[in-house]
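A.B. asks: One letter stands for each residue in the lines below.
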Amino acid sequence: MNCMSCIEYIIVGVMIASAVLAVEWRDLLAAAVGMAAVSLFASLLFFMLQAPDVAMTEAAIGAALSGAVFIFAIKRTQRYETEEEEKPGWWVRW
Amino acid sequence: MNGQYASLLIALPLLSAFFVPLIKGLGERGIKYYLAVITALQTGIAAWVFQQVYSTGKPIIVMAGGWKPPVGINLYIGHFAALFVLIVAVVSFFTAVFSIWSMKVQPIDKYAMLFLLLMLGATGMIATGDIFNLFVFMEITAISAYALTAYNKTGEAAEASLKYMILGGIGSSFFLIGVALIYGSLGTLNMAQIAQLAGNMNPTVAQVGLALIVFGLAVEAELFPLNAWAPDAYQAAPHAITVMFSAFVVKAGLYATARLLYLMQAVGSWHDVLKLLVAMATLTVVVAEFAALRQKDVKRMIAYSSISQVGMIAFALALGSQAGVDAGVFHMVNHAVVKALLFLGVGYVGIKLGGTAMENFQGLGKRMPLTAFALTIGSLAAVGIPLFNIFWSKVRILIAGVEAGYTWGVALILGASVVEAVYYLRFIHAMWFAGEGERMREGLAISLILLLLAALVIVIGIYPDYIWSLAQKAGSDIFNVGQYIKNVPLMEVGA
Amino acid sequence: MLKRLLAITTLIIIGYWLAQGLAGVPFGQDRMLVGKYYLEHVVEQTGAVNAVTAVVVNYRGFDTLGEVTVLFIASTGVGALLWSRKKRRTARTEGSIVLTTGTRLLAPFVMLFGVYIFIHGHLTPGGGFPGGATIATAFLLLYMAFVTYEIPHRAFEKIEGAVGMTYVIVGLIGLAIGGYFLYDWIWQTWGWGHDNIGRLFSGGFIPIIYTIIGIKVGTELSGIIDNMIKEEVSK
Amino acid sequence: MISVYYFGAISLILIGLYAVLVKKNVLKMLIGLSIMETGVNLLLVSIGYISGRSAPILSEGIGPNQAVDPIPQALVLTAIVIGVATTAMALSVAIILYGKYGTLNVEEIRRLRG
Chain A
1 MNCMSCIEYI IVGVMIASAV LAVEWRDLLA AAVGMAAVSL FASLLFFMLQ
51 APDVAMTEAA IGAALSGAVF IFAIKRTQRY ETEEEEKPGW WVRW
Chain B
95 MNGQYASLLI ALPLLSAFFV PLIKGLGERG IKYYLAVITA LQTGIAAWVF
145 QQVYSTGKPI IVMAGGWKPP VGINLYIGHF AALFVLIVAV VSFFTAVFSI
195 WSMKVQPIDK YAMLFLLLML GATGMIATGD IFNLFVFMEI TAISAYALTA
245 YNKTGEAAEA SLKYMILGGI GSSFFLIGVA LIYGSLGTLN MAQIAQLAGN
295 MNPTVAQVGL ALIVFGLAVE AELFPLNAWA PDAYQAAPHA ITVMFSAFVV
345 KAGLYATARL LYLMQAVGSW HDVLKLLVAM ATLTVVVAEF AALRQKDVKR
395 MIAYSSISQV GMIAFALALG SQAGVDAGVF HMVNHAVVKA LLFLGVGYVG
445 IKLGGTAMEN FQGLGKRMPL TAFALTIGSL AAVGIPLFNI FWSKVRILIA
495 GVEAGYTWGV ALILGASVVE AVYYLRFIHA MWFAGEGERM REGLAISLIL
545 LLLAALVIVI GIYPDYIWSL AQKAGSDIFN VGQYIKNVPL MEVGA
Chain C
590 MLKRLLAITT LIIIGYWLAQ GLAGVPFGQD RMLVGKYYLE HVVEQTGAVN
640 AVTAVVVNYR GFDTLGEVTV LFIASTGVGA LLWSRKKRRT ARTEGSIVLT
690 TGTRLLAPFV MLFGVYIFIH GHLTPGGGFP GGATIATAFL LLYMAFVTYE
740 IPHRAFEKIE GAVGMTYVIV GLIGLAIGGY FLYDWIWQTW GWGHDNIGRL
790 FSGGFIPIIY TIIGIKVGTE LSGIIDNMIK EEVSK
Chain D
825 MISVYYFGAI SLILIGLYAV LVKKNVLKML IGLSIMETGV NLLLVSIGYI
875 SGRSAPILSE GIGPNQAVDP IPQALVLTAI VIGVATTAMA LSVAIILYGK
925 YGTLNVEEIR RLRG
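Residue numbers (the working numbering), protein chains in the order written: chain A, 1 to 94; chain B, 95 to 589; chain C, 590 to 824; chain D, 825 to 938.
A few of these clues could be false.
What the hints assert, rightly or not - Listed below are the simulated SDA-like cross-link pairs for lysine to any residue, each with C-alpha atoms no more than 25 Å apart in a straight line:
1. B/Lys118 - C/Phe745
2. B/Lys162 - B/Glu122
3. D/Lys924 - A/Ile16
4. B/Lys369 - B/Thr298
5. B/Lys580 - B/Lys118
6. A/Lys75 - C/Lys592
7. B/Lys580 - C/Phe745
8. B/Lys446 - B/Arg520
9. C/Lys592 - A/Ile16
10. C/Lys675 - D/Val828
11. D/Lys924 - B/Thr298
12. B/Lys152 - B/Lys162
Stated by the list, open to error - Covered stretches of chain B (chain D as the covering partner; in silico rule of three or more C-beta atoms under 8 Å from a C-beta of chain D):
13. 224 to 234
14. 242 to 254
As the list claims (entries may be wrong) - Each pair of labels, with its calculated beta carbon distance range:
15. C/Gln609 - B/Leu387: 57 to 63 Å
16. B/Gly449 - D/Ile826: 52 to 58 Å
17. C/Ile597 - B/Phe384: 27 to 33 Å
18. C/Ile597 - B/Gly448: 28 to 34 Å
19. C/Ile597 - B/Lys580: 47 to 53 Å
20. D/Ser883 - A/Ile7: 24 to 30 Å
21. B/Phe384 - C/Tyr605: 32 to 38 Å
22. C/Phe702 - B/Gly537: 53 to 59 Å
23. C/Thr737 - A/Val14: 37 to 43 Å
24. D/Gly876 - C/Tyr705: 53 to 59 Å
25. C/Gly604 - B/Phe384: 32 to 38 Å
26. C/Ile797 - D/Ser883: 47 to 53 Å
27. D/Ser883 - C/Trp781: 16 to 22 Å
Hint data in this document are derived by calculation from the structure and do not stem from the laboratory. Note that the structure is predicted; figures quoted are calculated from it, not measured. We put the beta carbon where it would ideally sit given N, CA and C, even for glycine.
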């Protein structure tokens with residue numbers, strides 16, 4: 001295993017970890033930041049997959065602006081998930 | 095005139111939607127009339143395209159940027175697309191006229207833009223010949239539909255829109271994964287070339303890709319497990335928008351499903367996907383009819399009825415036989431007419447009497463006889479009584495179903511039709527034989543549109559042959575993939 | 590807990606199924622068909638060095654038109670849904686001195702950088718979308734640093750519309766000159782810029798379209814930010 | 825053996841889907857949707873990757889046979905922008921919902937049913 005693929009494995013691992021954290025954190029602000037981190041690591045992966053255009057777009061739009069929009073929405077709603085929402089549910093039952 | 099001018103079908107709504115912010119100063123009435131004028135123009139272009147395609151018998155291939163098909167994106171306006179682009183434009187014109195009078199929620203200028211772009215999205219979905227372009231147009235349709243569903247800005251509208259959005263988001267992601275798989279194994283996105291090369295595809299990849307695409311489109315086409323959004327959105331959206339949803343937004347999704355399904359005919363695992371779709375469609379019909387039976391709100395009841403009819407169309411399209419596809423297309427046309435009539439009438443009553451609950455419809459025959467008459471015609475047609483248009487297409491679908499060997503599906507659909515008859519007759523009973531009321535004035539334009547559509551229902555019911563011949567041509571446009579490949583001037587690329 | 594387990598099992602089945610499909614599309618192999626054609630002909634046919642840009646703007650220009658429309662719908666839709674007669678910013682705390690000074694210094698340069706990105710889209714990675722997003726980021730900085738800052742949103746709406754119309758009109762000029770909608774008339778009919786491929790003045794209508802897209806994306810995204818940040822004041 | 829990029833992409837899709845299916849908070853569901861979209865984009869780009877080749881910018885002696893497939897990258901550019909558009913729309917609807925009902929729990933905002 002050469003060093004390049006080491007880096008790939010590490011980035012993919014960190015990306016998945018931040019995705020899991022973004023889903024599980026009850027503080028929505030932290031979750032939004034976690035989502036932006038996923039986008040950021042994905043844009044690193046795009047760069048390694050020889051797609052600089054996509055990497056730039058993902059970093060600018062996917063990470064920065066979509067994170068910002070999420071943060072504004074959280075500011076206008078509420079910051080924490082409630083206890084009730086912690087329990088799993090099924091939206092299918094809607 | 096050059097066939098490339100058919101690209102105006104896309105260019106005109108776009109241009110006029112972008113023009114709206116600049117004429118904001120015209121005021122509300124001005125913008126509403128502008129909307130009607132633009133949709134009338136679009137109808138004119140669509141009629142020209144229709145006449146062109148049906149008189150020459152050859153499809154119009156619009157090549158964007160002048161690149162030949164596999165390299166560039168092409169629009170394929172064949173018999174089906176020409177017919178349905180015309181229907182989209184005509185229904186949009188009617189709803190634009192209806193919204194002049196009915197639309198009161200601010201801001202009107204944004205409503206006009208979203209309206210035009212919804213029309214554009216459906217037109218593009220029907221006309222495009224490129225699988226990723228289909229995705230883009232699907233998103234245009236879907237996002238403007240999300241915004242328009244929530245347009246009334248009540249809690250219910252926002253809830254319906256959110257439901258639609260979440261299902262739509264999952265659907266579009268699935269669709270995109272399917273596109274990625276197909277692109278990954280074939281290296282092309284053009285529909286004709288995909289059909290050409292589909293035979294050499296790895297059957298597992300093809301099966302997974304096609305199933306993902308069918309699931310993705312099922313959200314737009316309102317098939318069973320993914321249609322939870324539909325009744326809510328129909329109920330909560332502004333009345334004019336409900337007409338558009340039922341008359342052509344669903345049809346665009348159905349068409350896209352059928353087109354992609356038949357393009358991949360050569361794939362080994364094709365019949366498994368067909369069976370999946372038949373099962374989904376039959377379940378749609380049964381579940382929706384039983385849900386419709388216990389509704390108290392007329393708009394929601396008709397929404398469920400619309401979903402069940404859509405399931406029937408999907409059933410016909412998934413039979414995998416020429417007769418089934420023809421009958422499905424015929425039913426699409428009839429359904430567009432009847433549901434446009436019903437939703438326009440219900441929306442009119444809803445605004446006039448302040449709600450669409452069943453109680454408001456009691457005694458409608460005494461209060462608004464013209465509207466009640468039109469609604470009665472529509473209901474009788476929807477039940478499938480002979481001499482109304484839906485009868486012919488329903489019979490043809492059932493015959494095609496028996497021929498294709500899906501007797502159980504036909505039996506279930508017939509059973510569901512009985513349920514449908516029960517609630518529509520209850521509705522007619524409420525309109526004519528219950529309640530009292532004063533005679534009210536009915537608007538001229540709306541009454542004219544309603545009576546026109548009702549006349550259309552009866553005329554097609556008595557002389558179904560002309561529309562049936564159109565539907566047969568359109569159906570063979572979908573079914574006959576060999577002809578489709580031959581019609582698109584594919585260029586040699588690479589190995 | 591049971592529900593969660595059930596959900597995870599379903600997801601694992603879906604994942605296995607996806608992996609089965611992906612096994613037929615092995616990673617890192619050359620399966621190009623149309624892509625190869627693009628790579629071989631991109632420089633002579635469009636004059637752009639960056640093949641992705643050429644595909645986005647020229648070969649698949651129709652998609653990009655649709656994409657710009659999607660963003661337009663989003664901006665309009667957000668504007669329509671969060672519409673109210675009286676809207677104002679409600680932030681009270683001024684940005685820290687580092688933020689305000691930094692913003693004052695940087696905002697023009699960030700915008701300039703965005704313009705650079707979209708003008709050079711046919712030569713270097715980037716293009717209209719990241720360029721426009723960078724411009725929107727500059728407005729975002731201004732919003733965060735100054736409590737009373739507002740973009741002139743009426744003017745921005747008009748710019749959005751006008752620029753979108755320009756895009757369609759460029760396409761219609763192509764229809765009139767070359768006979769096809771979105772035809773690259775600058776490169777293919779007039780033949781401008783054939784002798785300086787790889788420099789700024791080449792690439793046919795790509796720089797024009799990307800400028801249009803950049804301005805449009807910038808104004809739309811800042812419009813979305815503006816709508817999200819302002820709240821209704823009930824007085 | 826499946827590539828690490830495919831693995832990452834599928835994991836992101838599944839994690840996002842899990843959030844959409846199980847979570848009840850609207851914003852959490854939207855975060856899940858957004859993660860799912862990122863996963864799909866990663867999948868598309870990795871399908872277009874060809875080992876040992878460089879980015880499709882044909883200057884400095886990079887010929888047509890030394891570049892990766894440009895089409896998936898163009899598609900992903902489109903998909904990213906569409907994703908952010910959907911997200912912005914969804915968030916504004918969520919803001920309206922919160923304004924009307926004072927909660928973001930989907931179980932509590934069920935008015936339409938039956």
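A.B. asks: Decide, hint by hint, whether the structure agrees.
C.D. replies: For each hint, the structure was consulted:
Restraint check for B/Lys118 and C/Phe745: satisfied, since their Cα atoms lie roughly 13 Å apart, inside the 25 Å limit. At most 25 Å may separate the alpha-carbon atoms for a hinted pair to count; B/Lys162 and B/Glu122 exceed this at roughly 44 Å. For the given pair, D/Lys924 sits about 35 Å from A/Ile16 by alpha-carbon distance, which is inconsistent with the 25 Å threshold. This hinted pair checks out: B/Lys369 and B/Thr298 have alpha carbons roughly 16 Å apart, not beyond 25 Å.
With a C-alpha separation of about 47 Å, the suggested pairing of B/Lys580 with B/Lys118 is violated against the 25 Å cut-off. For the proposed pair A/Lys75 and C/Lys592, the alpha carbon gap of about 31 Å is over 25 Å, so the pair is violated. Restraint check: the Cα-Cα separation between B/Lys580 and C/Phe745 comes to about 47 Å, which exceeds 25 Å; the hinted pair is violated. Note on B/Lys446 and B/Arg520: the hinted pairing holds, with a Cα-Cα distance of about 22 Å set against a maximum of 25 Å.
Taking the CA atoms of C/Lys592 and A/Ile16, the gap is about 23 Å. The hint holds against a cut of 25 Å. Only pairs whose Cα atoms come within 25 Å are accepted, and C/Lys675 paired with D/Val828 is rejected, the gap being roughly 52 Å. Only pairs whose Cα atoms come within 25 Å are accepted, and D/Lys924 paired with B/Thr298 is rejected, the gap being roughly 48 Å. For the given pair, B/Lys152 sits about 18 Å from B/Lys162 by alpha-carbon distance, which is consistent with the 25 Å threshold.
Look at the segment 224 to 234 of chain B against chain D: 3 of its residues bring a Cβ nearer than 8 Å to a Cβ of that chain, three or more, so the hint holds. With 8 residues having a Cβ less than 8 Å from any Cβ of chain D, the segment 242 to 254 of chain B passes the three-residue criterion, so the hint holds. Judged by the Cβ atoms, the range 57 to 63 Å given for C/Gln609 and B/Leu387 is violated: they are separated by roughly 41 Å. Range check, B/Gly449 to D/Ile826: about 56 Å between beta-carbon atoms, so the 52 to 58 Å window is met.
Under the hint 27 to 33 Å, the C-beta atoms of C/Ile597 and B/Phe384, about 32 Å apart, fit the expected range. Under the hint 28 to 34 Å, the C-beta atoms of C/Ile597 and B/Gly448, about 48 Å apart, miss the expected range. Hint check: C/Ile597 to B/Lys580, Cβ distance near 49 Å, so the stated range 47 to 53 Å holds. The beta-carbon spacing between D/Ser883 and A/Ile7, approximately 26 Å, falls within the hinted interval of 24 to 30 Å.
Distance hint for B/Phe384 and C/Tyr605: a CB-CB separation of about 34 Å, consistent with the stated range 32 to 38 Å. Between C/Phe702 and B/Gly537 the beta carbons are some 56 Å apart, a value that agrees with the proposed interval 53 to 59 Å. Between C/Thr737 and A/Val14 the beta carbon distance is about 40 Å. The supplied range of 37 to 43 Å therefore holds. The hinted window of 53 to 59 Å between D/Gly876 and C/Tyr705 is violated, with their beta carbons roughly 31 Å apart.
Between C/Gly604 and B/Phe384, the C-beta spacing of about 34 Å keeps the proposed range 32 to 38 Å intact. For the pair C/Ile797 and D/Ser883, the supplied restraint of 47 to 53 Å is violated, since their beta-carbon distance comes to about 21 Å. At roughly 20 Å, the beta-carbon separation of D/Ser883 and C/Trp781 lies within the given 16 to 22 Å, and the hint holds.
The structure fails to meet hints 2, 3, 5, 6, 7, 10, 11, 15, 18, 24, 26 from the earlier list, while all remaining hints are met.
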